[in-house]
Amino acid sequence: MTPEKRLEELGIELPPPPAPLGAYVPVLKTGNLLFLSGILPVREGRLIKAGKLGAGIDEQEGFMLARAAAVNALAVVKGHLGELGSVKRCLKLTGYVACVPGFTGQAAVLNGASELLVQVLGDAGRHVRAAVGVAALPMDSPLEIEFIFEVVQS
Amino acid sequence: MTPEKRLEELGIELPPPPAPLGAYVPVLKTGNLLFLSGILPVREGRLIKAGKLGAGIDEQEGFMLARAAAVNALAVVKGHLGELGSVKRCLKLTGYVACVPGFTGQAAVLNGASELLVQVLGDAGRHVRAAVGVAALPMDSPLEIEFIFEVVQS
Amino acid sequence: MTPEKRLEELGIELPPPPAPLGAYVPVLKTGNLLFLSGILPVREGRLIKAGKLGAGIDEQEGFMLARAAAVNALAVVKGHLGELGSVKRCLKLTGYVACVPGFTGQAAVLNGASELLVQVLGDAGRHVRAAVGVAALPMDSPLEIEFIFEVVQS
Chain X
-18 MTPEKRLEEL
-8 GIELPPPPAP
2 LGAYVPVLKT
12 GNLLFLSGIL
22 PVREGRLIKA
32 GKLGAGIDEQ
42 EGFMLARAAA
52 VNALAVVKGH
62 LGELGSVKRC
72 LKLTGYVACV
82 PGFTGQAAVL
92 NGASELLVQV
102 LGDAGRHVRA
112 AVGVAALPMD
122 SPLEIEFIFE
132 VVQS
Chain Z
-18 MTPEKRLEEL
-8 GIELPPPPAP
2 LGAYVPVLKT
12 GNLLFLSGIL
22 PVREGRLIKA
32 GKLGAGIDEQ
42 EGFMLARAAA
52 VNALAVVKGH
62 LGELGSVKRC
72 LKLTGYVACV
82 PGFTGQAAVL
92 NGASELLVQV
102 LGDAGRHVRA
112 AVGVAALPMD
122 SPLEIEFIFE
132 VVQS
Chain H
-18 MTPEKRLEEL
-8 GIELPPPPAP
2 LGAYVPVLKT
12 GNLLFLSGIL
22 PVREGRLIKA
32 GKLGAGIDEQ
42 EGFMLARAAA
52 VNALAVVKGH
62 LGELGSVKRC
72 LKLTGYVACV
82 PGFTGQAAVL
92 NGASELLVQV
102 LGDAGRHVRA
112 AVGVAALPMD
122 SPLEIEFIFE
132 VVQS
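Residue numbers (this note's numbering), protein chains in the order written: chain X, -18 to 135; chain Z, -18 to 135; chain H, -18 to 135.
Pulled out of the complex, with its shape left as it was, chain X reads as follows:
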């Protein structure tokens, strides 16, 4: 089953890839690696929800926002590669969770992104990850995720 078919079964439609917030590009390929710019949980140019974990956004909401960011990442990848089947695997996520100093559930939040990747890409979605809690993010975003994908050699 293709990743696109799995997305369909999950009821997920890929949005247009989010636009960069500054003087940079959304994605670059070097060798077999695809580096994405930091992805926010936006839809149609606006954050789905602004704020911080531990101050108005709870772990369950954070999980859904991380999942939305992963969907955006897949939209960027599909826009660049044409089809998600060209992904050999998702290699690495670095997840920044904007939070109050007392919040320690960064891993649970980022599982929203990690689990979606496995649901859509299967074993190719299994990645290494770092999870960090940060003071603040652009646009008051509750999280930002960096992705590195490995693509099938062409």
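For the record, the hints were derived by calculation from the structure and aren't laboratory data. Values in this document were obtained by computation on a predicted structure and should not be read as measured data. Wrong hints could be hidden among the right ones.
No copy is singled out in the list; a pair is fine if it fits within one copy or between any two copies.
Listed next, the in silico SDA-like pairs over lysine to any residue satisfying Cα-Cα at most 25 Å (straight line) [what the hints assert, rightly or not]:
{"hint": "1", "residue 1": "LYS59", "residue 2": "MET45"}
{"hint": "2", "residue 1": "LYS(-14)", "residue 2": "ALA4"}
{"hint": "3", "residue 1": "LYS10", "residue 2": "ARG70"}
{"hint": "4", "residue 1": "LYS69", "residue 2": "ALA4"}
{"hint": "5", "residue 1": "LYS69", "residue 2": "GLY3"}
{"hint": "6", "residue 1": "LYS59", "residue 2": "ASP104"}
{"hint": "7", "residue 1": "LYS10", "residue 2": "GLY66"}
Place chains Z and H on chain X using the hints.
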């Protein structure tokens, strides 16, 4: 026009590459990728300005400090490669902006680095980027930027 | 002298590699690069010490905790490669230090990891590094370190 010529036209003289603050090296090359250690806005071993965005340092100053960090990165690259023409492109920036929890202008600050890279390297300066606001940085630096460059195959 | 012999001389026994905290894997290899998930200073599934630098954990303790994280990283690498002699070098560390906003000793803390790598791997342990102070980390960990290693071509 060479990057060195563009630097000259911008009135920028590359400083000596900044020295590491600890038990690490400033730059390493693997394959075609050049990884730089985190770069601070220092000149002659001292921060141009210490402090945090949103507490004594405003967005416009932050922009200039990010630009200074990018100049330092180019100094490291030139010191390693001999000439900036050996850069195929700047691949990725991860920018850490030390800030108060209410500051959300990380993207605007890091544009100082991103725009300088395009001014000096042209299209080869266009990179992917993540922008993060953090609690504190070494030496009370207002920002720190990681760079990955891709070099021309030799 | 092999890295394993150096570990023995330092009186360090590699622990079992730490288990992931979420839906991700501890290590992946692409080409000659080995990417590790963020490593915490844990032993037997528990943090050696929880808390933040500048609030209950001082620089010297942080140094020892960073050293413990580097030992964990070597355990992951050895578990994956079979022997540490298959490491060509440690390429890059990104160290996240959970701290109060006034703490600026991130570099001194992370030297605990950097120096251990050089003690065990010799020149192959010399890496590039970024050091960042963050608001909070999973499990209230005082630090988390990302590692990228380069392996000998096989």
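Hints breached by this structure: No numbers; nothing is violated.
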